[in-house]
Amino acid sequence: MTTRVSMENLDDLAELGIEEDEVTLQFDNAADHVKKLVSTLDNKTLLDLYGFYKQATEGPCNIPRPSWYNMKARSKWDAWNKLCEMLPHEAKVNYVNLVKSLDNDFMHSSSKERWVSVSIFQQNEEILKDSEKTLVDYVKDGNKNAVGSVLETIHVDDRADLLNELDDDGMSLIHWAADRGHHEIIQILISYGTDVNLGDGEMQTPLHYAAACGHKECIDVLLENGADINIRDDSGLTPKDATTDGEIEKMLRA
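Its first residue numbered 0, the sequence shown is counted upward by one per residue in numbering that gives the first Met the number 0.
If you're looking for bench data, these hints aren't it; they were derived computationally from the structure.
Owing to the predicted nature of the structure, the values given are computational and were not obtained by experimental measurement.
Ideal placement from N, C-alpha and C gives every residue a C-beta, glycine not left out.
Heads up, a few of these hints could be off.
[To be verified] In silico EDC-like links for lysine to aspartate or glutamate, alpha-carbon gap of 16 angstroms or less:
1) Lys139 <-> Glu201
2) Lys71 <-> Glu201
3) Lys34 <-> Asp102
4) Lys215 <-> Asp244
5) Lys139 <-> Asp168
6) Lys75 <-> Asp47
7) Lys215 <-> Asp167
[As the list claims (entries may be wrong)] Derived CB-CB ranges, DEER-like:
8) Ser234 <-> Tyr49: 14 to 24 angstroms
9) Leu86 <-> Thr152: 42 to 52 angstroms
10) Lys132 <-> Glu216: 23 to 33 angstroms
All chains, please: the whole structure from these sequences, using the hints.
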């Protein structure tokens, strides 16, 4: 979860000698660095980054909400619009803070080391050792061997509940795999009993995720295993409605 920066925090930044031009420089560096990370980020993180970026560069959302059938555009609009009261400076700091939490290398690549050393928003999350990782961590990492090994150790009576339960983000293991584009892990999860049409907290199936994220190999695996192209989410949208990619639209035609 991204932590918002309060006005009190911004005052603290001023006291530390971090001027607006330094924040802007870090923001620009972070925006460039994100280009290297895009393929590894989940949809929610990408939307958070989009919202902060638009608020930082353009201020409050000033365009009409996209039509209901364009789920991608509507999600981006919602991510921006919810920050309507956030100051552009605050949005820049939140953007930089989020990028730092995603990749520690960004902090070392910055030309303004003083920001790193004094930032009260610096993230100190440790990279998990393999011994500390859970099944969902392996799914997110795309570690298919570890996923298979862990599932093999779980009693068959317990597997169904584990495979089809939703986490605090409203997602199951197969949703994470579809979101990240790990088609081989999707196949493994299905072979162990995952419901291919399982709905998340908003009744979006793994096929919705794969379509929205443009993961064609995931779509192939899901369709080969009986994914239903006609399931609608809470907004009434099918997986086909989640994409603007012409090739994917063809793949999802009835």
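Q) Hint numbers the structure violates, sorted upward? A) 1, 7
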